[in-house]
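Chemist: Here are the chains, one letter per residue:
Protein chains: 2
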Amino acid sequence: MKATVLVRPKPGILDPQGQAVESSLRHLGFEVGSARVGRLVDVELPTEDRAAALDALGRMCEQLLTNPLIESYAIELDGVPVEGVAVAPTAVGPESDGA
Amino acid sequence: MKATVLVRPKPGILDPQGQAVESSLRHLGFEVGSARVGRLVDVELPTEDRAAALDALGRMCEQLLTNPLIESYAIELDGVPVEGVAVAPTAVGPESDGA
Numbered sequence: 001m002k003a004t005v006l007v008r009p010k011p012g013i014l015d016p017q018g019q020a021v022e023s024s025l026r027h028l029g030f031e032v033g034s035a036r037v038g039r040l041v042d043v044e045l046p047t048e049d050r051a052a053a054l055d056a057l058g059r060m061c062e063q064l065l066t067n068p069l070i071e072s073y074a075i076e077l078d079g080v081p082v083e084g085v086a087v088a089p090t091a092v093g094p095e096s097d098g099a
Numbered sequence: 001m002k003a004t005v006l007v008r009p010k011p012g013i014l015d016p017q018g019q020a021v022e023s024s025l026r027h028l029g030f031e032v033g034s035a036r037v038g039r040l041v042d043v044e045l046p047t048e049d050r051a052a053a054l055d056a057l058g059r060m061c062e063q064l065l066t067n068p069l070i071e072s073y074a075i076e077l078d079g080v081p082v083e084g085v086a087v088a089p090t091a092v093g094p095e096s097d098g099a
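The listed protein sequences derive, respectively, from chains C and V.
Residue 3 in this note's numbering sits at position 3 of the first sequence; the count goes up by one each step and never skips.
Residue 34 in this note's numbering sits at position 34 of the second sequence; the count goes up by one each step and never skips.
Simulated from the structure, these hints should not be mistaken for lab results.
C-beta atoms are modelled at their ideal positions from N, C-alpha and C, and glycine is treated no differently.
Each hint can be trusted.
Pulled a few chain C residues facing chain V out of the computed Cβ check, cut under 7 Å:
id	residue
1	L28
2	L64
3	G79
Label pairs and their in silico Cβ distance ranges:
id	chain 1	residue 1	chain 2	residue 2	range
4	C	D49	V	I70	32 to 38 Å
5	C	Q17	V	R59	18 to 24 Å
6	V	A51	C	L64	36 to 42 Å
If you want the footprint, here are the derived chain C segments under chain V, 3+ residues with CB under 8 Å:
id	region
7	29 to 43
8	52 to 63
Sequences and hints are given; from them, build the entire structure.
Modeler: What follows is the structure, given as structure tokens:
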């Protein structure tokens, strides 16, 4: 089963890459609101059991793929977003804001 | 309209980040096939017209967001993958393989 983990900076976390993209897009003449840059990890899993796959992916995210302090994640299985699995981006305290 | 551009290294292009993730996941005890690492860009667009949004996003990808020689991209609008827009990952020549 093909899985994709989408990792995004949480709201309030500085995102210099996103700011650079936003500014460059405007310079190129595009009308855009905010832009944020995250990363994605495609993983091939040796199972067709969705529950087992989601369980493994959740642990992978906690242990390696994301930094839960500053990043949220969402999961897609075979290209389809999995509802209810995304770790909701929560507001962070001001002490994390100036990182 | 919220759009997400998913950028992935094309098949055959070296992906050291993906190799590191794959190796680390195995060391942690996860059974995984290959892992590939790409990036994503969330862009807020000031239009609700899907056709206009896709047109702008395609040009953004060509001009700034991707390197078409070594990367493919796919687009999601409001969290839903857009069929037929992904630039299909094509095989690359051997000269690109050792980058």
